[in-house]
Amino acid sequence: MKFQSIIVEDLQVAAEFLKRFCEKCGMVDVVHHFLNAEDAMQFLKDNVVDLIFLDVEMPGASGFELLDHLVYTPQVILTTSKTEYAYDAFQYNVTDYLKKPFTYQRFLEAVQKVSKKTEQQNGGGELDHMFIKTDGKLIRLHNDDILFIESMGDYVKFITSAKKYITHNTIKNLETKVNPQVFMKVHRSYIVNFTKINDIQENVLFINGNMIPISKTHKSGVMQKINIL
Amino acid sequence: MYNEDQKTAFHFSPELDRAFLQELYSDDLQQAEMVFESSVQQLRAEQQLAEARFHDGDLTGLKKVIHKMKPLLGYIGMNKFMEEFALFEQVCLQSISPADAEKGFLHVQSLTAEAIQKAEKEMNRLKHHNTQYL
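Sequence order for the protein chains is D and C.
For the first sequence, my numbering gives the first residue as 41, with consecutive numbering after it.
For the second sequence, my numbering gives the first residue as 1389, with consecutive numbering after it.
Just to be clear, a hint being listed does not mean it is correct.
To give a feel for the contact side, a few chain D residues facing chain C, derived at Cβ under 10 Å [what the hints assert, rightly or not]:
1. L51
2. V53
3. R60
A few chain C residues that face chain D, going by a derived Cβ cut-off under 7 Å, partial list only [claimed, not checked]:
4. S1426
5. H1455
6. P1459
7. G1462
What the hints contain is simulated information worked out from the structure, not anything from laboratory work.
All of these numbers come straight from a predicted model, not from anything done at the bench.
The beta-carbon is built from N, C-alpha and C at its ideal position, and this holds for glycine as well.
Construct the entire structure; sequences and hints are all you get.
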């Protein structure tokens, strides 16, 4: 798994260093670099990341103010040139604290902590939930609540037994993000929670009365996955 | 530092924190050149900004500039200077008027000039080495 990250850092040299380290380690993708906390906050309103490399003292809002505004909890590695923030770092439960300038070795240790924490959060296994953005909010959906996901062009519909949620995304993108132990793509327009399948008839499967097509390409995959006695 | 292909070693100047720089850049001498170059540019710009903040009597603003300059000194192997800058940050916090911080300010300005001069020299050494061997 590659961590999707952003860098919030007003010092260009420090950000370039970080990008280089992320590239070198092969475990972290940097999706954006922000020179201030405000722009990062704006981005995080609409986007979910796994990891934030966060400077503390920047022009305008501080790194801690950004953390106060977050509506979900990605992992955070503080990057600062001061050691005085250790107490705050502890209070904010950040994953690690890198004092600038730091070496590649020290960076790797921090990323390994992120990896370890992710495993712990996922109960040593795979993700048991996902966050989706709908109606201007990020909503946590537990895997067990999701029946299936249906494509609607540039949007997808998450169907749970209680509600439907529409969000801007694609099946192709979600295919790599969902937990493969629970979900599988059965058609170019559908990903299903296969623990919820009620029955399968030829090229169609049923979940809570919903009929979902199985494409020829995915048929053998589906049959392998289900437990046929 | 050692370049495997060219079998040519590059040693950072002894006036810099050699061991740390070698750990920081490993074999990536192009990265080192780039960082030295941009650090020199940024230190120059921040130096002017610090001057302006001090003369405006804006000690909070001055502290912010000093804070930003501090890690730049680390990237060019001047860790001792970093410590001095950290001390001056405290002076800015505790000073009531610019006069209280003047002595410290003159000291960091002189350190900055020295840092720029040393970093420029190292940057030229790196450029020369990289052009010749990379």
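Hint-by-hint comparison with the structure:
1. Checking L51(D) against chain C: minimum C-beta separation of about 6 Å stays under 10 Å; hint holds.
2. The beta carbon of V53(D) comes within 5 Å of a beta carbon in chain C, closer than 10 Å, and the hint placing it at the interface holds.
3. This hint holds: R60(D) has a C-beta 6 Å from the nearest C-beta of chain C, less than the 10 Å allowed.
4. For S1426(C), the shortest C-beta to C-beta distance to chain D is roughly 5 Å, which falls under 7 Å, so the interface hint holds.
5. At its closest, the beta carbon of H1455(C) sits 6 Å from a beta carbon of chain D; the interface hint therefore holds under the 7 Å criterion.
6. For P1459(C), the suggested interface contact is upheld, since its CB lies about 4 Å from the closest CB of chain D, less than 7 Å.
7. The closest approach between the C-beta of G1462(C) and any C-beta of chain D is roughly 4 Å, which is under the 7 Å cut-off, so the hint is satisfied.
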